[in-house]
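**Student:** Chains as they are written, first to last, in numbering that gives the first Met the number 0: chain A, 0 to 366; chain B, 0 to 366.
No lab work stands behind these hints: they were computed from the structure.
Accuracy of the hints is not assured; some may be wrong.
[Stated by the list, open to error] EDC-like mimics (lysine to aspartate or glutamate), calculated; alpha carbons at most 16 Å apart, straight line:
id : chain 1 : residue 1 : chain 2 : residue 2
1  : B       : K2        : A       : D210
2  : B       : K2        : A       : E59
3  : A       : K2        : B       : D185
4  : B       : K2        : A       : E239
Protein chains: 2
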Amino acid sequence: MTKPALTALARSLPASVPFVGPEAAERANGKPFIARLGANENTFGPSPRAIAAMQKAASEVWMYADPESHDLRIALAVHHGVAPENIMVGEGIDTLLGVLVRLYVGQNDPVVTSDGAYPTFNYHVAGFGGVLHKVPYLDDHEDPASLIAKAREVGAKLIYIANPDNPMGTWHNADVIDQMIADVPDGSLLVLDEAYIEMAPAGTAPAMQIDNPNLIRMRTFSKAHGMAGARVGYAIGAAEVIDAFNKVRNHFGMGRISQAGALAALADHDWLAHIQTQIAQARDRITQIAADNGLTALPSATNFVAIDCGQDGNFARRVLAALIAQGIFVRMPFVAPQDRCIRISCGTPAEMDRFAEALPKALDTMS
Amino acid sequence: MTKPALTALARSLPASVPFVGPEAAERANGKPFIARLGANENTFGPSPRAIAAMQKAASEVWMYADPESHDLRIALAVHHGVAPENIMVGEGIDTLLGVLVRLYVGQNDPVVTSDGAYPTFNYHVAGFGGVLHKVPYLDDHEDPASLIAKAREVGAKLIYIANPDNPMGTWHNADVIDQMIADVPDGSLLVLDEAYIEMAPAGTAPAMQIDNPNLIRMRTFSKAHGMAGARVGYAIGAAEVIDAFNKVRNHFGMGRISQAGALAALADHDWLAHIQTQIAQARDRITQIAADNGLTALPSATNFVAIDCGQDGNFARRVLAALIAQGIFVRMPFVAPQDRCIRISCGTPAEMDRFAEALPKALDTMS
């Protein structure tokens, strides 16, 4: 009996995972982490109003969610001063990126990103047969001019940039991004991932250019809104770009509880302000802990801080391993020279205390 | 400025939706439905233990879900007497079908299904450029022999069958499905959609043939478990077939609240038994209501009943419209001659009363 054959493209792909979850490490270690600071989750949690809305929705979960995410889309449109036709809600930015790549990237189509930027985007590009062209970071920042130049050189279908950046936490002001948008080559679509934008300084997000068909922006409830496990992201773009999602998206993919939670979270401005304060304090604390250990923290516009361990990637990987061995879940950049850093998510004061205790011990094991 | 170009495949696809949600009709009508009986949702709701688990998980939703769905996968493996490597959890059967089609169906690859079977599967096949070959229903049942013959004729990559069937509610006994599995042609993969299996008579589900690489089965928490809005489905298959999902799936697509709810629902056998009883009673009630109006209900192994309106599709569509006008959300088969029926989901006694009141009025408008 002949087995069914995968497509040629699927055969060529490895079984891979952009990120291994912390639960897998916990199972391997036989004990839970004492601080979960590796996935840029928001340990301060979602708005109490969002929690209440999700708890209420739990008993209504026998119903499919509205496939149009109508109420949430309306609220997001009002929030951003655009039309509902400019918003596509999906099961997290990962899902939206996957659909976007599927729509625009065929076999051997060129795509441009930074070397060391978000691996899940790269996973989707590979998964649809695209060819990734990577440009290096410049002084630990994504480099808009190089991204644009490379896109022009290779005729990129998509150009990916995160602002603020993950994994470095660095950012560009709106005027730099505006210039990048203006420079997008003919036929390219700029994917501006703003997952961390709510935690960046005022003046980081460019104004909406909502009728620009060469730009799509990605936002999420996973970071500032503290709802990573609810899977709610959204894309903002020109109506024609947004409508293309309806050709292939999984209309009934959104969770009903998640929609209810996101709607409540969006309305709770006080909680978001509270979170922004907590995160700013945690960033300062991480910076201080780094300094106390003779290390340098990079400035961050996100809910994490990259700490320069002062040597090469091998050294930082050993620091990382020594932290994980102490029950501190952290991750780090993949690519040199950014891999001289470890990346610490903002946590509660108690979690920051545990990190402060673990870091010098980790460094002690290096000598 | 040149706009970014969709792939040739994406350009060829219409912006379409397999099912319009009831919320869209409610918005158009300016009022909510008084009975939601159109999407085969389980109005009896999820297990109270599942609701409690989801409510507890709501405050932990700042964490991403375990991308391996480890605990749920273990529980499902135990439940089915297979290994965890034989289970893939995903965001509903729709998502799993999409990934499966992506893995196996390339441009112009042939796929076989029944004419009038689940449209979301067809949507995925079209979305990846596959070519659908459809065989007719036989006496309102899917026709395994014809499906197999057609698959052999066209060299199908995938063969889709739902048992019990949607939209007709009819079913085949396990021996018929076992024969179909045995007859799967070389190189074909049989997709056995068992979304409604928990509501079918004993003897409907064939035994696991877990090492058979030409078979994959789909199950869900959306129907008997009453968790449609949580988006939890799973595939059961040979380890090599299941592992292929890891090449392209969205690892962090599952919701954390959903995982917790599904785990609790699976353990609550008493609630499932209660639901099975409620659904059997509702099926009988729908059958009786049909008879009271001079119509014939088809036997059903699901949580819905197809009612033969006794004339053609145009007649049934008018009955459907007259029910919807009275606030009863129902749907119907798409294809003749099955479209002589309307499809009524099982509901609470109060919802059944509303249907019983509305149906004769709907039929009155026909004369």
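**Student:** Now, for every hint given, state plainly whether the structure supports it.
**Tutor:** Hint check results:
1. B/K2 with A/D210: With a Cα-Cα distance of about 11 Å, the restraint between B/K2 and A/D210 holds, given a limit of 16 Å.
2. B/K2 with A/E59: violated, 42 Å
3. A/K2 with B/D185: holds, 7 Å
4. B/K2 with A/E239: Distance of about 10 Å is within 16 Å: holds.
This entry does not satisfy hint 2, going by the numbered hints stated previously; all others are met.
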